[in-house]
Amino acid sequence: MPVRLTGFGRMDYSSLFSSLSSNNKSSLSSLTGNFTLADYASIKNGSYKKALKAYYKKVVDEDKKTTTSEKRNPYRKKTSDVSSEYTSELSKVDSNAEKLKSSIAALNKNGSKSVFAEKDITVKNDDGTTVTTKGYDRDAIYNSIKSFADNYNALIKSGRNTGSANVQRQTNNLIKYTSANESKLKEVGITINDDNTLSLDKDILKGSNIDDLTSLFKGSGSYASTISSRVSTLEKMAENDIRRAGTYNALGKYASSGFSVGDAWNGYI
Numbered sequence: 001m002p003v004r005l006t007g008f009g010r011m012d013y014s015s016l017f018s019s020l021s022s023n024n025k026s027s028l029s030s031l032t033g034n035f036t037l038a039d040y041a042s043i044k045n046g047s048y049k050k051a052l053k054a055y056y057k058k059v060v061d062e063d064k065k066t067t068t069s070e071k072r073n074p075y076r077k078k079t080s081d082v083s084s085e086y087t088s089e090l091s092k093v094d095s096n097a098e099k100l101k102s103s104i105a106a107l108n109k110n111g112s113k114s115v116f117a118e119k120d121i122t123v124k125n126d127d128g129t130t131v132t133t134k135g136y137d138r139d140a141i142y143n144s145i146k147s148f149a150d151n152y153n154a155l156i157k158s159g160r161n162t163g164s165a166n167v168q169r170q171t172n173n174l175i176k177y178t179s180a181n182e183s184k185l186k187e188v189g190i191t192i193n194d195d196n197t198l199s200l201d202k203d204i205l206k207g208s209n210i211d212d213l214t215s216l217f218k219g220s221g222s223y224a225s226t227i228s229s230r231v232s233t234l235e236k237m238a239e240n241d242i243r244r245a246g247t248y249n250a251l252g253k254y255a256s257s258g259f260s261v262g263d264a265w266n267g268y269i
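Quick note: the sequence shown uses our numbering, first residue 1, plus one each step.
Just so you know, the hints here were simulated from the structure itself, not pulled from any lab data. Beta carbons are placed, not taken as given, at the ideal position from N, Cα and C, and that holds for glycine. A hint or two may mislead.
Unchecked claim - The list that follows gives simulated cross-link-like pairs (lysine-lysine, DSSO-like), each with its CA atoms no further than 30 Å apart: (1) Lys186 with Lys92; (2) Lys134 with Lys119; (3) Lys99 with Lys206; (4) Lys101 with Lys119; (5) Lys206 with Lys184; (6) Lys109 with Lys92; (7) Lys202 with Lys218; (8) Lys113 with Lys146; (9) Lys109 with Lys119; (10) Lys109 with Lys146; (11) Lys99 with Lys119; (12) Lys157 with Lys124.
To be verified - Just the calculated beta-carbon pair ranges, DEER-fashion: (13) Arg230 with Ala117: 23 to 29 Å; (14) Asn125 with Asp194: 44 to 50 Å; (15) Asp126 with Thr233: 27 to 33 Å; (16) Thr133 with Lys176: 23 to 29 Å; (17) Ser88 with Lys176: 34 to 40 Å; (18) Ala106 with Asp201: 19 to 25 Å; (19) Lys206 with Glu85: 37 to 43 Å; (20) Asp127 with Thr233: 53 to 59 Å.
Required output: the full structure, derived from the provided sequences and hints.
Take a look at the structure:
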């Protein structure tokens, strides 16, 4: 027979014995199991109530030690190190994206500031005389494109290593677009490596036709211009994920779609 609550939360145990005769000890034992008359007596005299109050006071005191945020999200404390590493990776992506855009902007300067513009080049002869002619500063062109390649490589590496599925997807889009231009890049001494980074052949690049170089790296619709546009998208994704990092939903995922705590830990297993 079930125990019921009566009044103001008081437990009515009398029903336990309502169907029992005073001398029917075997029936009492079968009904209450391990519950004894001594237990009943402790309830009647109040000692059982005191024991319960002492126990639950201890539980409440322990519960107060847990912060509100930890109660709301028990995963946060356990995964704080994962969150920190996640945001660090995204910050690196954001920084590398900005550097790559800057190197592309340098390749797209116009007029006399353009690295592809003809300049007065003065050469000193062995006899001490000098000759000035119009020509291209091949060293400056090589250094500018090398800066592009170095920053591109850094972004590809950091983008692939982050826990954000959004950033990884956009990084793969950059890789695919570069692969689609592989033949044109190879003509000017730029090779795509097995890890999708770029390598430069200095001699081939410095001897390349200027028109081939400008078609790849300067102006609207060029390879570099499209890369810059896609890098801007990647950069925004990284920045959004940084702002949302540390916020989990019921599935243990960050508010940004793509990264989960489980995904991060799986990377270490």
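Hints and how they fare:
1. Lys186 with Lys92: 29 Å, holds
2. Lys134 with Lys119: 5 Å, holds
3. Lys99 with Lys206: 23 Å, holds
4. Lys101 with Lys119: 25 Å, holds
5. Lys206 with Lys184: 15 Å, holds
6. Lys109 with Lys92: Holds, because 26 Å separates the two Cα atoms, which is no more than 30 Å.
7. Lys202 with Lys218: 19 Å, holds
8. Lys113 with Lys146: Measuring from Cα to Cα gives roughly 18 Å; hence the hint holds.
9. Lys109 with Lys119: Answer holds: Lys109 to Lys119 is near 14 Å, not above 30 Å.
10. Lys109 with Lys146: Holds, at roughly 16 Å.
11. Lys99 with Lys119: Answer holds: Lys99 to Lys119 is near 27 Å, not above 30 Å.
12. Lys157 with Lys124: 44 Å, violated
13. Arg230 with Ala117: 23 to 29 Å: 27 Å, holds
14. Asn125 with Asp194: 44 to 50 Å: 46 Å, holds
15. Asp126 with Thr233: 27 to 33 Å: 54 Å, violated
16. Thr133 with Lys176: 23 to 29 Å: 42 Å, violated
17. Ser88 with Lys176: 34 to 40 Å: Violated - the Cβ-Cβ distance for Ser88 and Lys176, about 27 Å, lies outside 34 to 40 Å.
18. Ala106 with Asp201: 19 to 25 Å: 21 Å, holds
19. Lys206 with Glu85: 37 to 43 Å: 41 Å, holds
20. Asp127 with Thr233: 53 to 59 Å: The hint (53 to 59 Å, Cβ to Cβ) holds, given that Asp127 and Thr233 are roughly 57 Å apart.
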